[in-house]
Amino acid sequence: MKINPESKIQNLKEYENYKFQKLICLLLIFLLIPLKIFAAELNFLASVDRTTVGLGETFTLNVSVSGENISGVPSPQLPDLPDFNVLGRSSSQSTSISFINGKMTQQTTITFIYTLSPKKIGRFTIGPCRIDYQGKTYETQSIEIEVVKGATQSPPPSTATPPKATGQLEDAIMLIAFPSRREVYQGEQINVEFYLYTQYDLDDLSLTKLPSFSGFWSEIIYDADRLRYQRKTYGGKTYYASLLKTVALFPITSGNLTIEPMEMVATIIKPPRDFFDFFGTAQRITITSKPVMINVLPLPEEGKPENFCGGVGNFTMSARIDRDTSRQGEPVNLIIKISGAGNIKLIEKPNLPSIPNLRVLEPEVKVNLDKSSGTIKGTKEFRFPLIPQADGMHLIPEIFLAYFNPKKKTYETLKSEKVSFVASGSPQSTVATDAGGLKILGSDIRYIKPDKETIKSGTGSLLRFYFLLYPISILIVVISLIYQRHQIKLSQDRAYARKFMSGKLFKKRFQQVYEYMKKNDQKNFYSALSKAIMNYIGDRFNLDTGALTTEQLRQELLSRGLSSEILEDLFGIITRCDTVVYSPGVESDISMAELLEKTKKIMEHL
Amino acid sequence: MILLIFVVLNEACELYNAGNKYYAEGNFQNAIECYEKALSLCQNKDIYYNLGNAYFKMGKIGKALIQYRRAYFLCPRDGDVNYNLSFLRNFRADRITSIPNPIAQILNSLFHYFSMAEAFVYSALSFLFFAIFLSLFIIGRNKLFIWIAFVGLLFFGYFFITTQVWQGERNSNSGVIICGECQAFSGPAEDYKEVLVIHDGTEVKIRDERNDYYLIQLPGGLGGWVKTENVARVY
Chain R
44 MKINPESKIQ NLKEYENYKF QKLICLLLIF LLIPLKIFAA ELNFLASVDR TTVGLGETFT
104 LNVSVSGENI SGVPSPQLPD LPDFNVLGRS SSQSTSISFI NGKMTQQTTI TFIYTLSPKK
164 IGRFTIGPCR IDYQGKTYET QSIEIEVVKG ATQSPPPSTA TPPKATGQLE DAIMLIAFPS
224 RREVYQGEQI NVEFYLYTQY DLDDLSLTKL PSFSGFWSEI IYDADRLRYQ RKTYGGKTYY
284 ASLLKTVALF PITSGNLTIE PMEMVATIIK PPRDFFDFFG TAQRITITSK PVMINVLPLP
344 EEGKPENFCG GVGNFTMSAR IDRDTSRQGE PVNLIIKISG AGNIKLIEKP NLPSIPNLRV
404 LEPEVKVNLD KSSGTIKGTK EFRFPLIPQA DGMHLIPEIF LAYFNPKKKT YETLKSEKVS
464 FVASGSPQST VATDAGGLKI LGSDIRYIKP DKETIKSGTG SLLRFYFLLY PISILIVVIS
524 LIYQRHQIKL SQDRAYARKF MSGKLFKKRF QQVYEYMKKN DQKNFYSALS KAIMNYIGDR
584 FNLDTGALTT EQLRQELLSR GLSSEILEDL FGIITRCDTV VYSPGVESDI SMAELLEKTK
644 KIMEHL
Chain H
96 MILLIFVVLN EACELYNAGN KYYAEGNFQN AIECYEKALS LCQNKDIYYN LGNAYFKMGK
156 IGKALIQYRR AYFLCPRDGD VNYNLSFLRN FRADRITSIP NPIAQILNSL FHYFSMAEAF
216 VYSALSFLFF AIFLSLFIIG RNKLFIWIAF VGLLFFGYFF ITTQVWQGER NSNSGVIICG
276 ECQAFSGPAE DYKEVLVIHD GTEVKIRDER NDYYLIQLPG GLGGWVKTEN VARVY
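In order, the protein sequence lines correspond to chains R and H. According to the working numbering, the first sequence is numbered sequentially starting from 44. According to the working numbering, the second sequence is numbered sequentially starting from 96.
Under the rule of at most 16 Å between Cα atoms (straight-line distance), these lysine to aspartate or glutamate pairs were calculated in the EDC-like manner:
hint	chain 1	residue 1	chain 2	residue 2
1	R	K192	R	D126
2	H	K116	R	E496
3	R	K495	H	E109
4	R	K492	H	D173
5	R	K492	H	E109
Examples of chain R residues toward chain H, derived with CB under 10 Å:
hint	residue
6	R489
7	K495
8	T497
9	Y513
10	I515
11	S523
12	Q530
Note that these hints are calculated values from the structure, not bench results. On a predicted model such as this, the values are computed, not experimentally measured, just so you know. Here a beta-carbon is modelled for each residue, glycine too, at the ideal position from N, C-alpha and C.
Can you make the complete structure from the sequences, with help from the hints?
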């Protein structure tokens with residue numbers, strides 16, 4: 044065990060310090076004895092068994108709590124130890140009772156023991172441990188640990204194993220680990236074959252210790268179920284050799300890694316030395332292989348792609364979708380399959396680019412390994428469930444995945460094909476857009492309507508009068524019906540037609556009469572007037588006035604309900620007209636204008 | 096009289112513009128007050144729409160939905176109103192997914208193309224059109240006129256059904272839940288068993304009213320009694 048002289052000095056100093064502090068504490072305690080009700084004083088210390096540790100080794104951290112009447116002390120809180128693995132913990136308790144000045148004091152010490160192993164090389168600090176007891180917090184000092192390469196200490200030999208093969212036997216029986224290579228890249232495969240070489244017959248073979256292969260991902264390729272001896276030479280001697288195990292190793296960290304020894308117990312049966320030695324001698328021995336150092340090169344930082352997945356080897360990638368359509372938000376599985384030879388199990392999930400309107404869930408991972416050919420081959424499948432958030436065509440862009448090719452010593456990038464599917468009836472029905480172009484970041488309600496100059500009432504003013512259109516429409520139809528009936532009568536009923544036309548014709552003739560009066564043409568005036576009246580009566584009552592005598596006419600008109608006074612006046616005018624027309628030289632007793640007025644009056648009553 | 100109407104409309108317009116200004120500033124509470132006042136003077140779909148927006152920005156989905164439905168009643172072809180209405184229907188917590196019958200959907204959109212007011216006017220106008228061409232046919236005895244009149248009658252039938260659809264909707268006692276979350280009971284009191292928990296913005300039909308409780312029914316047929324203060328009528 045090496046001890047760093049510096050740390051020793053430091054420890055001494057600390058010890059001095061501690062002593063001094065203790066002294067002061069004691070003084071204070073003495074001073075405060077009358078007040079010593081408040082709390083039991085605690086001594087809280089942390090120590091390690093050594094400050095220099097080899098990578099892959101373990102050391103112990105002892106945290107002790109001591110004080111009077113400490114019961115129910117909680118376990119101390121360890122600081123964050125990012126650089127160490129905590130392998131185990133245990134605790135022990137001891138109590139010492141002493142009488143001072145006839146007073147009994149009970150000193151109890153509880154020690155918590157943690158077994159730690161470092162993760163990397165360097166100088167690390169174990170921060171202060173803390174304990175909360177009766178409302179007070181106690182802290183230990185921090186401890187520095189130096190982690191060095193390789194073993195600083197050989198593992199302690201197990202006591203119960205048979206003696207090691209030494210001397211002559213050591214050469215005669217060997218367990219040898221043959222690595223396929225001694226220098227590899229991190230993540231690259233090495234095969235290690237464990238051979239048993241012997242010149243004696245062996246019996247009762249059993250493996251007592253298998254290497255743990257720490258720092259490697261290991262896969263056992265071949266495990267011998269029985270020994271198959273072959274004659275082989277090693278170091279100029281002939282041996283019977285048998286392959287026990289073939290292990291594929293993939294280093295996880297870089298640096299010098301050690302394949303720890305494998306250990307086996309066997310009984311050697313020595314052939315009888317002479318005639319009297321019937322059975323020969325049997326001897327039980329332990330056979331150990333030598334540790335093998337592997338130099339693991341770190342992956343080059345230069346040119347390391349961003350989407351490096353941790354894969355080392357030679358891979359191909361494919362992406363597909365398990366169905367083309369999704370209805371009502373059913374999930375669709377995007378299957379990314381990586382296949383090839385290499386550390387396939389250690390490949391991390393590819394990072395999917397963010398795809399609008401798709402929710403990507405954590406993938407389901409399936410690994411298939413094929414160890415039959417000596418190199419680890421296989422496939423790793425990532426099934427990403429995709430949940431469409433919108434209707435339409437969803438396009439999943441190319442997915443890029445980089446791995447390291449140790450043969451070419453370069454990084455290579457795999458590219459998958461674009462895949463797409465169509466979703467319909469998804470809960471949110473906004474239209475999905477192409478992943479490449481437009482990006483929809485969210486949706487909101489539309490903005491308010493703009494300001495207005497004037498405002499209209501929603502129902503509108505027109506609405507108040509719309510119902511008037513119904514009676515108007517009905518009126519139109521009724522009028523048209525009446526008109527139509529009138530037209531039919533005009534064409535079919537002569538009396539109706541004559542009566543309908545009578546007024547119009549009379550007006551026309553009366554106009555003529557008026558013209559004559561203006562010209563003072565007496566003869567024509569009276570004849571035209573008489574004709575107009577007679578024609579009107581004829582039309583109105585559908586009579587042939589020319590064929591009837593005045594008396595017959597009077598009788599006809601009386602029978603149609605005309606009053607006799609009107610008839611008197613009417614016939615008075617007619618006779619007056621006739622007298623003037625047929626007896627030349629007779630002057631009318633009243634003027635033409637007066638006569639016209641009179642005719643108009645009678646006609647109104649007719 | 097006309098002057099009075101003009102003054103009222105002018106005031107409503109000013110209130111509307113003031114509401115828009117508050118809205119743009121993000122002062123939605125004041126915007127709501129302005130719009131509400133404007134609506135008491137004049138019912139205009141733009142005011143309803145903007146009020147709905149302001150309520151939505153205040154996080155009141157149910158109240159916003161009511162305003163949009165009123166705006167939709169006045170103008171069912173307004174793109175913004177339709178968009179926000181469907182946005183809210185997807186936004187609310189209770190998404191009742193019933194896949195509507197495609198024929199019913201087509202009929203629904205056909206008879207909701209014109210608003211009720213428009214349909215009333217157009218049905219009267221198409222009836223007038225029908226009457227005119229019928230009269231022309233009666234007088235002119237031209238067969239073409241009777242066909243044109245028949246087309247007018249078809250239009251009248253369409254508009255008349257539209258008005259009846261709207262009337263039916265207005266009389267259907269539509270309501271919207273306006274509280275964040277409320278319970279529906281199996282009877283009109285709190286002692287009854289809780290049967291449903293419904294959320295803001297759920298559209299229901301009000302089937303009955305009994306001492307401060309409404310019997311509401313969801314589109315799927317589920318129902319329960321809810322306190323009247325948690326439900327608001329649309330029309």
